[in-house]
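Peer 1: Protein chains in written order, with our numbering: chain A, 7 to 136; chain B, 7 to 136.
The hints are simulated quantities; they were obtained by calculation from the structure and are not laboratory data. A couple of the hints might just be wrong.
[What the hints assert, rightly or not] Here are the simulated SDA-like cross-link-like pairs (lysine to any residue), alpha carbons at most 20 Å apart as the crow flies:
1) Lys-8(A) - Gln-122(B)
2) Lys-32(A) - Glu-118(B)
3) Lys-8(A) - Gly-125(B)
4) Lys-32(B) - Asp-101(A)
Keep in mind that this is a model prediction, so the values were computed, not measured.
Protein chains: 2
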Amino acid sequence: MKSLLIIAHGSRREASNEEIRALTDKLRQHPANDADHTSCAFLELAAPGIPEGIQQSIDQGATTVVVYPYFLSQGRHVAEDIPHEVKEKQLQHPDINIVIADYFGSSERVVELLAQESGASLTAQLTARE
Amino acid sequence: MKSLLIIAHGSRREASNEEIRALTDKLRQHPANDADHTSCAFLELAAPGIPEGIQQSIDQGATTVVVYPYFLSQGRHVAEDIPHEVKEKQLQHPDINIVIADYFGSSERVVELLAQESGASLTAQLTARE
Numbered sequence: 007m008k009s010l011l012i013i014a015h016g017s018r019r020e021a022s023n024e025e026i027r028a029l030t031d032k033l034r035q036h037p038a039n040d041a042d043h044t045s046c047a048f049l050e051l052a053a054p055g056i057p058e059g060i061q062q063s064i065d066q067g068a069t070t071v072v073v074y075p076y077f078l079s080q081g082r083h084v085a086e087d088i089p090h091e092v093k094e095k096q097l098q099h100p101d102i103n104i105v106i107a108d109y110f111g112s113s114e115r116v117v118e119l120l121a122q123e124s125g126a127s128l129t130a131q132l133t134a135r136e
Numbered sequence: 007m008k009s010l011l012i013i014a015h016g017s018r019r020e021a022s023n024e025e026i027r028a029l030t031d032k033l034r035q036h037p038a039n040d041a042d043h044t045s046c047a048f049l050e051l052a053a054p055g056i057p058e059g060i061q062q063s064i065d066q067g068a069t070t071v072v073v074y075p076y077f078l079s080q081g082r083h084v085a086e087d088i089p090h091e092v093k094e095k096q097l098q099h100p101d102i103n104i105v106i107a108d109y110f111g112s113s114e115r116v117v118e119l120l121a122q123e124s125g126a127s128l129t130a131q132l133t134a135r136e
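Same shape as in the complex, but just chain A (with noise of 0.2 Å):
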């Protein structure tokens, strides 16, 4: 069994939260995901955190769990506490495989997004002042 835990930075605005929240619950009916299973996570300041959202994962049955960083750049978080909080599910369940995607911003397609979507911005900015 497939397992996709999107993870989230978390934000003491709990609207932040449920936004990650009903975006997960998008992507768990997307057809473009064939995961058997799919729930979110946060790095801090939200639950379930890192370590708990991979276990609830194998507790679903999970035989493979695929952690995505949704995250726009390479910062520490991606860098370094991800695969901190990571590695301890991983030497506590060495008969799971528990692997780190790449994090969402390094697609190339993410550019090729945020070139349209702020070309749009500006151009409804500038209609607006006419």
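Got chain A; can you put chain B on it based on the hints?
Peer 2: Just chain B now, kept in the frame of chain A:
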């Protein structure tokens, strides 16, 4: 003159800040971006800060500055900190049109891209095991 200012969080890890600068270079050359001037600024931990980034755009001749929060969810940074820093420059420059665009993660197309990218990660992982 229209200026596009990409706002990232900023990191203690300088490679992460360089990643944002490289992204901004790509964005500057992208055909979907019709801004006359494209640059980036950081909320914290890296330079330029937001007020400095806005000022540099104005010094380049901008009459409209679109501040684009390159963030995935609406935590306190997007909801409070960025508007607070922008407000300062709006008060200083009532003759310049300084506006904050919707943050990157608010786009419906981000969900779509996340579904495709995370799905690809999952497939790559499963193929690697075979």
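Peer 1: So which of those numbered hints doesn't the model satisfy?
Peer 2: The structure breaks only hint 4.
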